[in-house]
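Undergrad: Sequence:
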Amino acid sequence: MYPDTDHIEEYGGSISLDKWGAVLARGRDDYGHNEIVTETLRGTPVHTVAAR
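If you read the sequence shown in the numbering used here, its first letter stands for residue 47, the second for the next number, and so on.
Hints in this document: simulated from the structure, not taken from any laboratory.
Even for Gly, the Cβ is constructed at its ideal location relative to N, Cα and C.
Restraint-style ranges between C-beta atoms, simulated for each label pair: (1) I54 with R98: 29 to 37 Å; (2) D52 with E85: 18 to 26 Å; (3) E55 with R98: 35 to 43 Å.
Model the full assembly from the supplied sequences, consistent with the hints where possible.
TA: This is the structure in structure tokens:
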């Protein structure tokens with residue numbers, strides 16, 4: 047997302063990227079370039095919708 051960056055500073059705030067991950071909303075990950083998360087930091091499952 048942001049190469050060589052460990053945090054983002056925008057709009058007067060700072061966000062750590064220590065626990066970042068991508069969400070696969072639909073389809074499948076054919077390339078594996080991103081870390082795909084399957085649950086939130088609180089343990090709630092993230093479900094992917096199958097491609098049509």
